[in-house]
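Heads up: the protein sequence lines correspond to chains A and B, in order. Residue numbering for the first sequence follows the numbering used here, beginning at 283 and increasing consecutively. Residue numbering for the second sequence follows the numbering used here, beginning at 3 and increasing consecutively.
Everything labelled a hint here was simulated from the structure, so no lab data went into it. Ideal placement from N, C-alpha and C gives every residue a C-beta, glycine not left out. There may be inaccurate statements among the hints.
[Said to hold, decoys possible] So, partial list: chain B residues that the calculated Cβ filter (under 7 Å) puts toward chain A:
| no. | residue |
| --- | --- |
| 1 | His10 |
| 2 | Ile11 |
| 3 | Asp21 |
| 4 | Val25 |
| 5 | Pro119 |
| 6 | Arg147 |
| 7 | Ser148 |
| 8 | Met160 |
| 9 | Leu312 |
| 10 | Pro315 |
Residue strings, one per chain:
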Amino acid sequence: MSFDVLWLQSGGCGGCTMSLLCAEDPGLFETFEDFGIRFLWHPSISRESGAEVVDLLEDLRAGRRRLDALCLEGSVMCGPNGTGRFHMLAGTGKPMMWWLRELAERADHVLAIGSCAAWGGMTSAGSNPGGATGLQYDGVMPGGLLGEDFRAGSGLPVINVAGCPTHPDWVIETLVMLATGAFGREDLDPLARPRFFADHLVHHGCTKNEFYEYKASAERLGQEGCMMEHLGCIGTQAHADCNIRPWNGEGSCTRGNYPCINCTAPEFEEPGRRFTETPKLAGIPLGLPSDMPRAWFVALASLAKAATPERLRENAVADRIVHPPRVVDVNRRPRGR
Amino acid sequence: MREDGTRHIVGPFNRVEGDLEVVLDFEGGRVVRAEVVSTLFRGFERILVGKAPLDALTITPRICGICSISQSAAAARALGDAAGLRPPPQGMLAIQIIHGVENLVDHLTHFYLFFMPDFTRPDHAARSWHGAATARFGVGGPAQRSWLEARARIMHVMGILAGKWPHTLAIQPGGVTRAPDARDRLKLVAQIRRLRRWLDETLFGDGAEAFAALGTPSDLLAWRKGDVGRYLAIADDLGLGSIGSGPGLWLSFGAHETAEGPLFARGVRRLDGTGRPGVLEPLDTADILEDPSHAWDAGRPAHPSVGDTLPDPDREGAYSWCKAPRLAGRPAETGAFARQVVDGHPLALGLAGEGGSVHARIVGRLLEVARLAEALERWSIALEPDARFIEHGAMPQEGRGEGLVEAARGALGHWVSIGEGRILRYQIIAPTTWNFSPRDASGVPGPLEQALVGCPEGAMVQHVVRSFDPCMVCTVH
Numbered sequence: 283m284s285f286d287v288l289w290l291q292s293g294g295c296g297g298c299t300m301s302l303l304c305a306e307d308p309g310l311f312e313t314f315e316d317f318g319i320r321f322l323w324h325p326s327i328s329r330e331s332g333a334e335v336v337d338l339l340e341d342l343r344a345g346r347r348r349l350d351a352l353c354l355e356g357s358v359m360c361g362p363n364g365t366g367r368f369h370m371l372a373g374t375g376k377p378m379m380w381w382l383r384e385l386a387e388r389a390d391h392v393l394a395i396g397s398c399a400a401w402g403g404m405t406s407a408g409s410n411p412g413g414a415t416g417l418q419y420d421g422v423m424p425g426g427l428l429g430e431d432f433r434a435g436s437g438l439p440v441i442n443v444a445g446c447p448t449h450p451d452w453v454i455e456t457l458v459m460l461a462t463g464a465f466g467r468e469d470l471d472p473l474a475r476p477r478f479f480a481d482h483l484v485h486h487g488c489t490k491n492e493f494y495e496y497k498a499s500a501e502r503l504g505q506e507g508c509m510m511e512h513l514g515c516i517g518t519q520a521h522a523d524c525n526i527r528p529w530n531g532e533g534s535c536t537r538g539n540y541p542c543i544n545c546t547a548p549e550f551e552e553p554g555r556r557f558t559e560t561p562k563l564a565g566i567p568l569g570l571p572s573d574m575p576r577a578w579f580v581a582l583a584s585l586a587k588a589a590t591p592e593r594l595r596e597n598a599v600a601d602r603i604v605h606p607p608r609v610v611d612v613n614r615r616p617r618g619r
Numbered sequence: 003m004r005e006d007g008t009r010h011i012v013g014p015f016n017r018v019e020g021d022l023e024v025v026l027d028f029e030g031g032r033v034v035r036a037e038v039v040s041t042l043f044r045g046f047e048r049i050l051v052g053k054a055p056l057d058a059l060t061i062t063p064r065i066c067g068i069c070s071i072s073q074s075a076a077a078a079r080a081l082g083d084a085a086g087l088r089p090p091p092q093g094m095l096a097i098q099i100i101h102g103v104e105n106l107v108d109h110l111t112h113f114y115l116f117f118m119p120d121f122t123r124p125d126h127a128a129r130s131w132h133g134a135a136t137a138r139f140g141v142g143g144p145a146q147r148s149w150l151e152a153r154a155r156i157m158h159v160m161g162i163l164a165g166k167w168p169h170t171l172a173i174q175p176g177g178v179t180r181a182p183d184a185r186d187r188l189k190l191v192a193q194i195r196r197l198r199r200w201l202d203e204t205l206f207g208d209g210a211e212a213f214a215a216l217g218t219p220s221d222l223l224a225w226r227k228g229d230v231g232r233y234l235a236i237a238d239d240l241g242l243g244s245i246g247s248g249p250g251l252w253l254s255f256g257a258h259e260t261a262e263g264p265l266f267a268r269g270v271r272r273l274d275g276t277g278r279p280g281v282l283e284p285l286d287t288a289d290i291l292e293d294p295s296h297a298w299d300a301g302r303p304a305h306p307s308v309g310d311t312l313p314d315p316d317r318e319g320a321y322s323w324c325k326a327p328r329l330a331g332r333p334a335e336t337g338a339f340a341r342q343v344v345d346g347h348p349l350a351l352g353l354a355g356e357g358g359s360v361h362a363r364i365v366g367r368l369l370e371v372a373r374l375a376e377a378l379e380r381w382s383i384a385l386e387p388d389a390r391f392i393e394h395g396a397m398p399q400e401g402r403g404e405g406l407v408e409a410a411r412g413a414l415g416h417w418v419s420i421g422e423g424r425i426l427r428y429q430i431i432a433p434t435t436w437n438f439s440p441r442d443a444s445g446v447p448g449p450l451e452q453a454l455v456g457c458p459e460g461a462m463v464q465h466v467v468r469s470f471d472p473c474m475v476c477t478v479h
């Protein structure tokens with residue numbers, strides 16, 4: 283029996299699907315085939331259009347067809363004034379918000395694909411002109427469209443495969459785990475994100491770690507140094523494995539020399555500061571690495587700064603390595619042996 | 003056949019990057035009137051107001067997950083224009099490699115994922131090619147798998163130069179954040195050569211250069227190799243070259259500017275009195291006006307540098323969230339075909355002389371794939387690992403900027419006003435805003451609304467709509 287997935291898009295950019303299509307070794311279609319996963323309908327992929335889709339949605343709503351997983355990509359659009367008219371699902375005359383409530387009741391699992399669907403995301407930034415919210419969170423507040431107490435048929439809350447965009451593997455692996463019955467409540471972190479990626483920090487595997495250790499900091503975008511002190515990087519607090527499993531072959535935000543903006547977290551879109559600038563108090567960054575006492579950070583940072591090798595000090599503010607590490611024979615044995 | 007005078011609502015119209023509804027009136031089995039409805043409003047232009055100008059580089063790519071780099075590049079240009087900051091030549095080159103890969107990939111994602119599956123529909127079951135097309139181009143079939151594999155690999159260019167795709171922050175007003183080293187340069191050349199081999203073997207079935215060198219529509223019809231040949235046989239049989247003509251006015255902001263100038267020219271070309279494409283006319287963006295008279299928006303027609311976005315779901319006569327951009331009062335078509343027409347490619351001019359059809363738009367994209375692939379290899383070889391890739395400069399406290407680029411789907415403009423160090427106004431006109439615009443104050447329909455008139459009911463409606471490669475999330479933003 284196949285694991286049947288309905289994918290809907292609302293107040294988002296479609297980028298999580300575009301990212302999903304970057305899956306490789308194996309690709310999306312191959313993995314789905316190997317694990318018996320099937321799209322009942324996906325807006326970017328399925329051939330069916332118009333009335334064919336409306337019929338399918340009606341069948342699902344009435345419970346005439348099984349719905350193993352409902353995936354939403356994009357925010358839920360509640361505006362204006364709670365009417366949902368900012369996104370009427372084409373061909374149905376009904377707000378997408380209405381369809382989501384109806385279909386979530388029928389789904390065995392409900393997945394929020396990307397930070398828009400999980401928390402509201404970028405669409406809810408600023409004055410939130412569209413009245414955007416997430417499926418089970420409105421920013422950091424539990425609730426959203428379905429409410430804090432919502433549970434899907436499986437008994438799980440909405441699974442927040444957050445990210446802006448999501449990594450293709452996060453989506454595929456979550457679906458495969460669900461399809462194979464290898465996913466339970468204990469596999470979700472406190473924000474209901476799958477722990478297989480959310481138990482890591484972006485800091486883990488960051489290629490700038492040596493700069494971080496010595497607080498050798500980049501002062502401007504494009505420089506090699508650590509971006510925590512000046513350029514707004516919060517990879518030491520951001521839950522994701524972006525530097526363990528890379529993006530598009532070998533990339534990540536920090537490897538691209540721009541800061542991690544913690545896009546898997548609620549309200550990342552409104553950091554209360556410029557995205558590429560670190561707020562400080564008495565010269566110390568306000569956001570400290572996860573689980574690190576402030577006094578320790580201050581003490582270690584000042585020690586590290588005092589000990590920063592010239593090599594790192596120079597490379598940190600250059601746009602490429604200008605000062606390579608000294609070559610030493612680390613295997614040298616005392617003479618005469 | 004649908005009864006005369008009946009109104010038919012088609013939706014959700016998928017494989018259009020977002021949600022779309024099309025309202026069609028039929029007479030004699032053919033469309034006599036079309037209304038194109040953009041169903042989603044998010045309000046990015048309002049979200050941006052009050053932000054620090056550079057925050058636009060984080061926010062605007064997230065307007066669109068398929069042309070995220072284009073949004074990013076347009077924002078960087080608008081801010082750079084306001085700050086008097088330009089990337090150094092090598093920074094421009096790196097931006098064009100990133101942007102060129104996105105545009106090329108978008109064209110083929112459209113071809114393989116969005117457009118070709120429609121020929122596997124049961125509507126076409128009686129056609130001689132239907133079985134072979136279904137086996138080759140079906141959803142999840144061999145053509146899609148092959149393309150997605152090639153796509154994932156060429157996207158490694160993004161991993162190397164832009165950190166990730168979509169939603170990079172690598173493109174800045176003064177250049178790019180990552181200076182490629184000698185090893186990066188070779189990896190880029192290698193990935194681009196691998197893609198070119200795939201294009202030759204799978205898409206064109208022969209050298210892409212030979213395809214780019216085709217001079218006339220009849221030369222084109224003789225091409226029977228690769229997936230392009232399979233498409234051409236279908237297009238010929240269904241008469242896709244004689245359906246779906248737009249307004250006959252093509253617009254391009256000029257694409258892929260390096261130190262040598264744009265790869266594809268900037269300007270406007272229109273059909274003259276004899277039905278032939280005329281001379282290349284200069285483009286003056288002062289002639290652009292956005293008209294909200296049929297949009298759920300309370301504003302008045304205005305140039306985007308002074309325009310606003312005021313959602314009003316109760317506006318009388320409105321039927322879309324999309325405003326209607328007009329160039330000197332006329333609707334204009336934009337996209338890869340428009341770019342090739344404006345650039346004066348002989349095959350594109352020949353197809354424009356036949357009216358500019360569903361087929362012309364598909365061929366425009368294929369031409370551009372062939373020409374871009376060659377340019378991408380040239381650009382990556384020209385990277386200098388010791389050069390500067392970024393210049394730094396401060397954002398002004400007060401200022402205005404215009405950022406014009408060509409996204410895969412056509413002309414994309416960002417207009418920003420800055421005051422007291424904050425964004426006062428931010429207006430965006432995306433390619434599909436042009437192509438899928440509703441009527442304007444004088445009742446003139448938008449390009450798709452014109453292209454659908456005369457279309458027979460059934461699958462042909464799908465072909466006409468998707469020939470534009472619409473991006474609905476960009477359209478209203």
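Hints and how they fare:
no.	hint	in the structure
1	His10	violated, 9 Å
2	Ile11	holds, 6 Å
3	Asp21	holds, 5 Å
4	Val25	violated, 10 Å
5	Pro119	holds, 5 Å
6	Arg147	holds, 6 Å
7	Ser148	violated, 10 Å
8	Met160	holds, 4 Å
9	Leu312	violated, 10 Å
10	Pro315	holds, 5 Å
Checked against the numbered hints above, the structure breaks hints 1, 4, 7, 9 and satisfies the rest.
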